[in-house]
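Residue-level listing of the chains:
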Amino acid sequence: DIQMTQSPSTLSASVGDRVTITCRASQSISNWLAWYQQKSGKAPKVLIYKASTLESGAPSRFSGSGSGTEFTLTISSLQPDDFATYYCQQYKSYPYTFGQGTKLEIK
Amino acid sequence: EVQLLESGGGLVQPGGSLRLSCAASGFTFSSYAMSWVRQAPGKGLEWVSSLTGGGGGTDYADSVKGRFTISRDNSKNTLYLQMNSLRAEDTAVYYCARTLRQLWLGFFDYWGQGTLVSVSS
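Sequence order for the protein chains is A and B.
Following the numbering used here, the numbering of the first sequence begins with 1 at its first residue and continues without gaps.
Following the numbering used here, the numbering of the second sequence begins with 108 at its first residue and continues without gaps.
Okay, chain A solo, but in the shape it has when bound (with noise of 0.2 angstroms):
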């Protein structure tokens, strides 16, 4: 199975801040790899797939980055609606793995 681990596990960022989640896998996936964003009690949203593709009506603020094994979200300029867990996902084969998750946190 590939591993998908992402760094850190909690950031504590203000709003305005540019901030990156990183996502590394356990062996090259390509660009077969998607960021979900997850607010409490709601079902998770795609923001980016295909490594660096915005999903259709995701802000443009987000953006992903990487290709093989290391990969990037950033978000340019945090707003208040964005203090949620991000997880990164692989479809580069079965069975599909997330990363762990990443919860970002008012400052």
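Please keep in mind that the hints were generated in silico from the structure rather than gathered at the bench.
Where hints are given, some of them may not hold.
[What the hints assert, rightly or not] Cβ-to-Cβ under 8 angstroms is the rule here; a few derived chain B residues that face chain A:
hint	residue
1	163
2	166
3	202
4	219
[Stated by the list, open to error] From the derived model, a few chain A residues whose C-beta atoms are all more than 10 angstroms from chain B:
hint	residue
5	8
6	10
7	13
8	17
9	22
10	27
11	46
12	52
13	55
14	59
15	62
16	63
17	66
18	76
19	80
20	105
On a predicted model such as this, the values are computed, not experimentally measured, just so you know.
C-beta atoms are modelled at their ideal positions from N, C-alpha and C, and glycine is treated no differently.
Go by the hints and put chain B onto chain A.
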């Protein structure tokens, strides 16, 4: 508008069975692979199972293989998850998710609101 509505969750004893349903609307159901993803209380996301649009291809996480069965009725736009021999560790919110395939596999572009399954005596 794409909508996915899960039902069928509840409290069940260890060793028991439960069938989850996911009613889909707003898209051509038979054209899309569908999946179940679960989330244990306070934990992260775990993929459970996926099924191709025609229903002929299935895949399961090792943790549920042999106990869970995914199926679909394209005439009713409904996805199912039959869960047998339930264990305490199956306790989770179960989400159905539309799977947008790119090449062979895909990502989850729409999710239902989830249904809670609790396994306890």
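Results for each hint:
1. 163: Because about 16 angstroms separates residue 163 of chain B from the closest Cβ in chain A, which is outside the 8 angstroms limit, the hint is violated.
2. 166: Holds, because the Cβ-Cβ distance from residue 166 of chain B to chain A comes to roughly 5 angstroms (cut-off 8 angstroms).
3. 202: holds (6 angstroms)
4. 219: holds (7 angstroms)
5. 8: Residue 8 of chain A clear of chain B: closest Cβ-Cβ about 15 angstroms, beyond 10 angstroms.
6. 10: Correct as stated: the minimum Cβ-Cβ distance to chain B is 13 angstroms, above 10 angstroms.
7. 13: holds (21 angstroms)
8. 17: Correct as stated: the minimum Cβ-Cβ distance to chain B is 24 angstroms, above 10 angstroms.
9. 22: It holds; residue 22 of chain A is separated from chain B by about 16 angstroms at its closest Cβ, greater than 10 angstroms.
10. 27: Holds: least Cβ distance 15 angstroms, greater than 10 angstroms.
11. 46: violated (5 angstroms)
12. 52: Since the minimum Cβ distance to chain B is about 13 angstroms, residue 52 of chain A lies beyond 10 angstroms and the statement holds.
13. 55: violated (7 angstroms)
14. 59: Consistent with the label, residue 59 of chain A stays out of reach of chain B, its closest Cβ about 17 angstroms off (over 10 angstroms).
15. 62: Non-interface label on residue 62 of chain A holds, nearest chain B Cβ at 15 angstroms vs cutoff 10 angstroms.
16. 63: holds (17 angstroms)
17. 66: Given a closest Cβ separation of 15 angstroms, the condition holds.
18. 76: Holds, because the least Cβ-Cβ distance between residue 76 of chain A and chain B comes to about 22 angstroms, which exceeds 10 angstroms.
19. 80: Label holds. Min Cβ-Cβ 23 angstroms, cutoff 10 angstroms.
20. 105: With a cut-off of 10 angstroms, residue 105 of chain A remains clear of chain B, as the shortest Cβ separation is near 16 angstroms.
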